[in-house]
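One-letter residues, chain by chain:
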Amino acid sequence: MKRRGKRAISLKIIFFLFIVLALFLLVIATDLFCSGEASFFRFRAVFLLFLLLLLSLFFFLCIYRPYRFYEERLERVLRGYAALTELCAELPALTPMNKRELELVSEILNSAELSEQSKRQAQYQALQNQINPHFLYNTLDGIRSEALIAGLDKVAEMTEALAAFFRYTISNTEDLVTLEEELENCNTYFKIQKYRFGDRLLMRILMDEEDKAFLLKCMIPKLSLQPILENSIIHGTELKLEQGCTEIRIERTDRGLLLTVSDNGVGMDQEHLRKLRKRLGDAREELSAGITGTGRGGIALSNVNQRIHILFGEEYGLHIFSVEDIGTDVEITLPLIRREAEENSEKRRLYSGRSGNLEM
Amino acid sequence: MRCEILRMEKVTYLGQDNPVLQNFDLCIMQEEIMGLLPINHFGIATLLKLLLENDPIYYGYIYFRGKLINSWKESGAKKRTPQLSLISEESSLIEGQSVLSNIFVYQRGFRDWIIRNRVLEKRLGGIFEDLSLEIDPRSSVESLGSFERIIVEIIRGITAGHSLMIFNELGAVLSEEELKKLYQIIRYYRERGISFLLISPHYEELKMICDRTAFLKDGQIMKIAKDQREGEGIASAISKNYRKQINFYLKDRKLWDKMTAFCVHYLGKTERQGFEFTIREGECLVLQFLDSADYRDFSDCLTGDGRKREAAFLLDGRRIRPGRDRECAVIWEQADKSMLFPELSFMENLCFTMEFALGNPIKRKRMRDRIRREQEELFGKGIARKAAGELTKREKYALVYHRILLQRPKFIFCIQPFKNAGLAQRERIWELQRMLLQNGIALIIPTISMADSLSIADRIIRLHTQGEAEEWKRISFHLLPDTVPFHDLYS
Numbered sequence: 001m002k003r004r005g006k007r008a009i010s011l012k013i014i015f016f017l018f019i020v021l022a023l024f025l026l027v028i029a030t031d032l033f034c035s036g037e038a039s040f041f042r043f044r045a046v047f048l049l050f051l052l053l054l055l056s057l058f059f060f061l062c063i064y065r066p067y068r069f070y071e072e073r074l075e076r077v078l079r080g081y082a083a084l085t086e087l088c089a090e091l092p093a094l095t096p097m098n099k100r101e102l103e104l105v106s107e108i109l110n111s112a113e114l115s116e117q118s119k120r121q122a123q124y125q126a127l128q129n130q131i132n133p134h135f136l137y138n139t140l141d142g143i144r145s146e147a148l149i150a151g152l153d154k155v156a157e158m159t160e161a162l163a164a165f166f167r168y169t170i171s172n173t174e175d176l177v178t179l180e181e182e183l184e185n186c187n188t189y190f191k192i193q194k195y196r197f198g199d200r201l202l203m204r205i206l207m208d209e210e211d212k213a214f215l216l217k218c219m220i221p222k223l224s225l226q227p228i229l230e231n232s233i234i235h236g237t238e239l240k241l242e243q244g245c246t247e248i249r250i251e252r253t254d255r256g257l258l259l260t261v262s263d264n265g266v267g268m269d270q271e272h273l274r275k276l277r278k279r280l281g282d283a284r285e286e287l288s289a290g291i292t293g294t295g296r297g298g299i300a301l302s303n304v305n306q307r308i309h310i311l312f313g314e315e316y317g318l319h320i321f322s323v324e325d326i327g328t329d330v331e332i333t334l335p336l337i338r339r340e341a342e343e344n345s346e347k348r349r350l351y352s353g354r355s356g357n358l359e360m
Numbered sequence: 001m002r003c004e005i006l007r008m009e010k011v012t013y014l015g016q017d018n019p020v021l022q023n024f025d026l027c028i029m030q031e032e033i034m035g036l037l038p039i040n041h042f043g044i045a046t047l048l049k050l051l052l053e054n055d056p057i058y059y060g061y062i063y064f065r066g067k068l069i070n071s072w073k074e075s076g077a078k079k080r081t082p083q084l085s086l087i088s089e090e091s092s093l094i095e096g097q098s099v100l101s102n103i104f105v106y107q108r109g110f111r112d113w114i115i116r117n118r119v120l121e122k123r124l125g126g127i128f129e130d131l132s133l134e135i136d137p138r139s140s141v142e143s144l145g146s147f148e149r150i151i152v153e154i155i156r157g158i159t160a161g162h163s164l165m166i167f168n169e170l171g172a173v174l175s176e177e178e179l180k181k182l183y184q185i186i187r188y189y190r191e192r193g194i195s196f197l198l199i200s201p202h203y204e205e206l207k208m209i210c211d212r213t214a215f216l217k218d219g220q221i222m223k224i225a226k227d228q229r230e231g232e233g234i235a236s237a238i239s240k241n242y243r244k245q246i247n248f249y250l251k252d253r254k255l256w257d258k259m260t261a262f263c264v265h266y267l268g269k270t271e272r273q274g275f276e277f278t279i280r281e282g283e284c285l286v287l288q289f290l291d292s293a294d295y296r297d298f299s300d301c302l303t304g305d306g307r308k309r310e311a312a313f314l315l316d317g318r319r320i321r322p323g324r325d326r327e328c329a330v331i332w333e334q335a336d337k338s339m340l341f342p343e344l345s346f347m348e349n350l351c352f353t354m355e356f357a358l359g360n361p362i363k364r365k366r367m368r369d370r371i372r373r374e375q376e377e378l379f380g381k382g383i384a385r386k387a388a389g390e391l392t393k394r395e396k397y398a399l400v401y402h403r404i405l406l407q408r409p410k411f412i413f414c415i416q417p418f419k420n421a422g423l424a425q426r427e428r429i430w431e432l433q434r435m436l437l438q439n440g441i442a443l444i445i446p447t448i449s450m451a452d453s454l455s456i457a458d459r460i461i462r463l464h465t466q467g468e469a470e471e472w473k474r475i476s477f478h479l480l481p482d483t484v485p486f487h488d489l490y491s
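For the record, the sequence lines run as chains L and G.
All letters in the first sequence, in the order written, are residues 1 to 360 by my numbering.
All letters in the second sequence, in the order written, are residues 1 to 491 by my numbering.
Calculated from the structure, these hints are not laboratory results.
Just so you know, not all the hints are guaranteed correct.
A few chain G residues facing chain L, derived, Cβ under 8 Å [claimed, not checked]: (1) Arg2; (2) Glu4; (3) Glu9; (4) Gly66; (5) Ala237; (6) Trp472; (7) Ile475.
Partial selection, computed: residues in chain G whose CB lies under 7 Å from chain L [what the hints assert, rightly or not]: (8) Phe128; (9) Leu131; (10) Cys263; (11) Leu344.
Simulated pairs of lysine-lysine, DSS-like, Cα-Cα distance not exceeding 25 Å [what the hints assert, rightly or not]: (12) L/Lys240 - G/Lys73; (13) G/Lys251 - L/Lys212; (14) G/Lys251 - L/Lys275; (15) L/Lys278 - G/Lys73; (16) G/Lys226 - L/Lys12; (17) G/Lys67 - L/Lys275; (18) G/Lys122 - L/Lys278; (19) G/Lys240 - L/Lys240.
Predicted, not measured: the structure shown is a model, and the values here were computed from it.
Cβ coordinates follow ideal geometry from the N, Cα and C atoms, glycine included.
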């Protein structure tokens with residue numbers, strides 16, 4: 001990454017010192033070689049004052065302010081509020097060497113992320129090949145048929161649900177899916193859990209009936225709801241003695257899509273909540289989770305949050321609210337993307353790709 | 001589709017290098033009435049300041065009406081301030097000016113060269129008519145009661161085009177009836193696209209009107225209750241220990257008829273305002289004023305501002321001066337701030353009303369040492385020498401109440417004790433009040449809002465606008481409106 005148009009602060013300081021020195025020499029020279037006329041000295045004083053003002057302005061704008069900016073940004077990175085990758089491009093360099101160093105760090109971070117991504121993709125591909133999805137689906141279908149023949153309807157239903165769940169999780173490799181598809185997968189997952197917990201679990205999907213058709217066609221990141229639903233069941237309602245209820249609320253605002261997964265489970269104490277929020281908001285944690293693929297609990301939430309950040313930017317993502325013994329809410333904010341818009345952009349991409357080939 | 005009015009996303013705001021608001025998320029939609037319940041008051045003042053002044057934030061984003069108005073990435077420069085009104089206990093109207101001028105003339109957008117009062121009056125008359133209110137547009141703002149002042153502030157905000165109104169703890173200023181009227185006005189403007197944020201430490205107040213309620217603790221939103229059932233669940237979960245203590249107390253509470261009774265007579269400003277009541281040793285009586293003007297006159301009489309008026313107190317027929325006579329003490333609102341000398345030490349603050357007992361120089365040292373030892377046993381070594389300003393809130397409250405205890409009054413006027421106090425403080429105040437009652441001191445709580453008073457009250461006198469007094473004994477507390485906090489403990 002090239003850092004164009006940004007001179008290192010040290011160069012500006014050298015320039016500033018050079019001007020000050022030149023000014024000093026000018027004053028000495030005028031004192032030595034010029035006759036002592038009062039009007040000349042008055043003119044010189046006004047001129048020097050003007051230069052001094054200009055220099056102060058230069059010092060403030062070109063040295064002090066970039067330096068403060070550098071410090072403030074770096075402080076936020078060190079405290080974990082901002083990601084280093086993002087800020088490396090924005091930070092003003094202190095010296096030319098520092099400039100090269102920042103470029104290098106940027107490159108390393110990006111390449112590390114890229115290589116990790118490609119590694120993960122390769123692993124995923126390998127896993128997919130090993131599993132051979134069709135073999136898995138066929139086997140599950142086989143089990144389902146046997147169960148039906150044997151009159152074990154429940155086993156058949158369970159197997160069918162499991163096959164549908166795997167098909168969605170493994171086969172579909174797109175980044176974005178429709179809300180309808182994601183909700184369908186949530187329903188499948190819930191169906192599987194229902195066999196385990198029976199009537200102890202309840203799930204409700206709430207959305208405005210008038211908006212329903214529109215909302216269901218909205219595009220969201222694949223597997224952004226199901227892991228949160230899973231979390232809410234495993235860490236919330238499952239641990240509760242009474243009946244637990246999970247609600248998925250879908251709303252449309254002028255800014256985007258608002259998805260809320262709420263449960264009335266055991267919730268969490270304030271300390272736990274604070275840590276979890278810190279982990280979600282901490283850019284360093286996010287980065288390390290992205291590179292190493294590990295974390296201390298709450299991986300699903302971090303993962304979803306990270307994917308949303310990568311896809312749509314920092315201003316979208318997850319928020320968590322929780323009170324012990326009352327329940328937990330996970331709020332997901334997303335931009336409003338409709339299926340048609342996505343298809344149009346895909347068409348545009350294909351068309352531009354084709355035209356590119358023709359040119360070759 | 002709903003429109004967002006305010007969205008605060010992962011906002012972190014530092015005060016003296018420490019986060020006051022951390023990962024703060026709040027979203028208010030158009031036409032929404034949002035409640036905000038501060039469990040402790042940490043961060044609430046900063047939040048209000050941030051919303052009003054839009055100071056640079058350390059991290060996060062703030063959107064107002066869908067536009068980004070503050071972001072950590074441009075924290076160096078001040079941004080556009082959001083168009084919102086903050087209405088609180090203190091008036092923000094320009095004194096010495098009429099209602100009309102405050103609403104129309106002193107507005108940022110007012111650009112008329114000639115002020116046409118008749119046109120403006122007509123316009124304002126229309127607004128008042130819609131709201132079924134009778135306020136003289138030419139009257140000076142100083143002559144307005146609390147309720148009228150708040151209405152004028154709302155109308156001023158609406159005419160200025162503000163789309164969000166923030167009400168900060170108005171329950172302590174407005175009576176029950178006035179609150180009901182205010183809620184009607186809020187609903188009226190909600191239908192016209194205005195959003196509201198109501199801040200109150202009592203969920204009972206918020207549940208009457210709010211669509212959702214956010215619970216704030218230590219500068220973070222813990223949870224947002226989407227409905228009343230969930231809100232009640234959260235409210236009782238956060239006050240679980242407090243409620244348990246109150247329950248134990250109420251079960252064991254007994255009052256003996258043999259206790260000495262005092263007869264207190266309040267000679268109001270007018271004959272209508274005056275009333276008389278008896279109170280026994282160790283009894284807690286709540287005087288709930290259903291008219292905020294009557295309450296103001298009553299508290300003026302207690303503070304001494306009513307000296308010029310005829311209002312006075314008689315104890316068993318003889319004139320007394322509350323707060324000045326030893327037998328009748330007064331604990332002011334927000335006692336931790338109003339009743340201590342921060343530069344004096346704990347001991348000096350504790351003993352300065354004990355001249356009656358410490359007057360004898362021989363007894364003085366011995367007694368002071370004894371008091372010091374007692375206090376150090378209670379609050380830890382070294383507390384006696386600490387300056388009052390260095391004490392924690394909890395210790396400050398304890399200091400005030402222990403000072404009153406040492407003064408040994410017959411009864412105490414405890415003015416709105418729970419006002420502006422977080423849950424932990426309210427719990428502490430309740431414990432200290434219980435201590436006074438156990439020591440045989442009678443407690444009179446004059447208040448507008450019941451707040452937590454039901455947790456300690458033995459009797460309530462509700463004073464109506466028409467001068468009627470209605471007495472409620474504990475046995476009939478369950479018949480009180482269910483919007484009174486802790487009502488459920490009696491049902």
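Evaluated hints:
Residue-level restraint check for arginine 2 of chain G holds (minimum Cβ-Cβ distance to chain L is 5 Å; threshold 8 Å). The interface hint given for glutamate 4 of chain G is met, as the beta carbon of that residue sits about 5 Å from the closest beta carbon of chain L, less than 8 Å. Evaluation of the glutamate 9 of chain G hint against chain L yields a held restraint, the C-beta minimum of about 6 Å falling below 8 Å. With a least beta-carbon distance of about 5 Å to chain L, the hint placing glycine 66 of chain G at the interface is held under the 8 Å criterion.
Because the smallest distance between the Cβ of alanine 237 of chain G and any Cβ of chain L comes to about 5 Å, under 8 Å, the interface hint for this residue holds. Interface restraint check for tryptophan 472 of chain G: the shortest CB-CB distance to chain L comes to about 32 Å, outside 8 Å, so the restraint is violated. For isoleucine 475 of chain G, the suggested interface contact is broken, since its CB lies about 33 Å from the closest CB of chain L, more than 8 Å. A hinted interface residue such as phenylalanine 128 of chain G counts as satisfied when its beta carbon comes closer than 7 Å to some beta carbon of chain L; here the least separation is about 33 Å, so the hint is violated.
The interface hint given for leucine 131 of chain G is broken, as the beta carbon of that residue sits about 29 Å from the closest beta carbon of chain L, more than 7 Å. Taking 7 Å as the C-beta contact cut-off toward chain L, the hint placing cysteine 263 of chain G at the interface is violated, the least distance being around 48 Å. The interface hint given for leucine 344 of chain G is broken, as the beta carbon of that residue sits about 36 Å from the closest beta carbon of chain L, more than 7 Å. A threshold of 25 Å between alpha carbons decides the hint, and for lysine 240 of chain L with lysine 73 of chain G the separation of about 43 Å lies outside it, so the pair is violated.
For the given pair, lysine 251 of chain G sits about 53 Å from lysine 212 of chain L by alpha-carbon distance, which is inconsistent with the 25 Å threshold. Of the supplied pair hints, the one linking lysine 251 of chain G and lysine 275 of chain L is violated, its CA atoms being roughly 40 Å apart against a limit of 25 Å. Annotation: proposed proximity of lysine 278 of chain L to lysine 73 of chain G holds, straight-line Cα distance about 19 Å (limit 25 Å). A hinted pair counts as satisfied when its Cα atoms are at most 25 Å apart, and lysine 226 of chain G with lysine 12 of chain L does not qualify at roughly 56 Å.
For the given pair, lysine 67 of chain G sits about 30 Å from lysine 275 of chain L by alpha-carbon distance, which is inconsistent with the 25 Å threshold. Our distance criterion of 25 Å between C-alpha atoms is broken by lysine 122 of chain G and lysine 278 of chain L, whose separation comes to about 55 Å. Between lysine 240 of chain G and lysine 240 of chain L the CA atoms are separated by roughly 19 Å; this keeps the pair inside 25 Å, and the hint holds.
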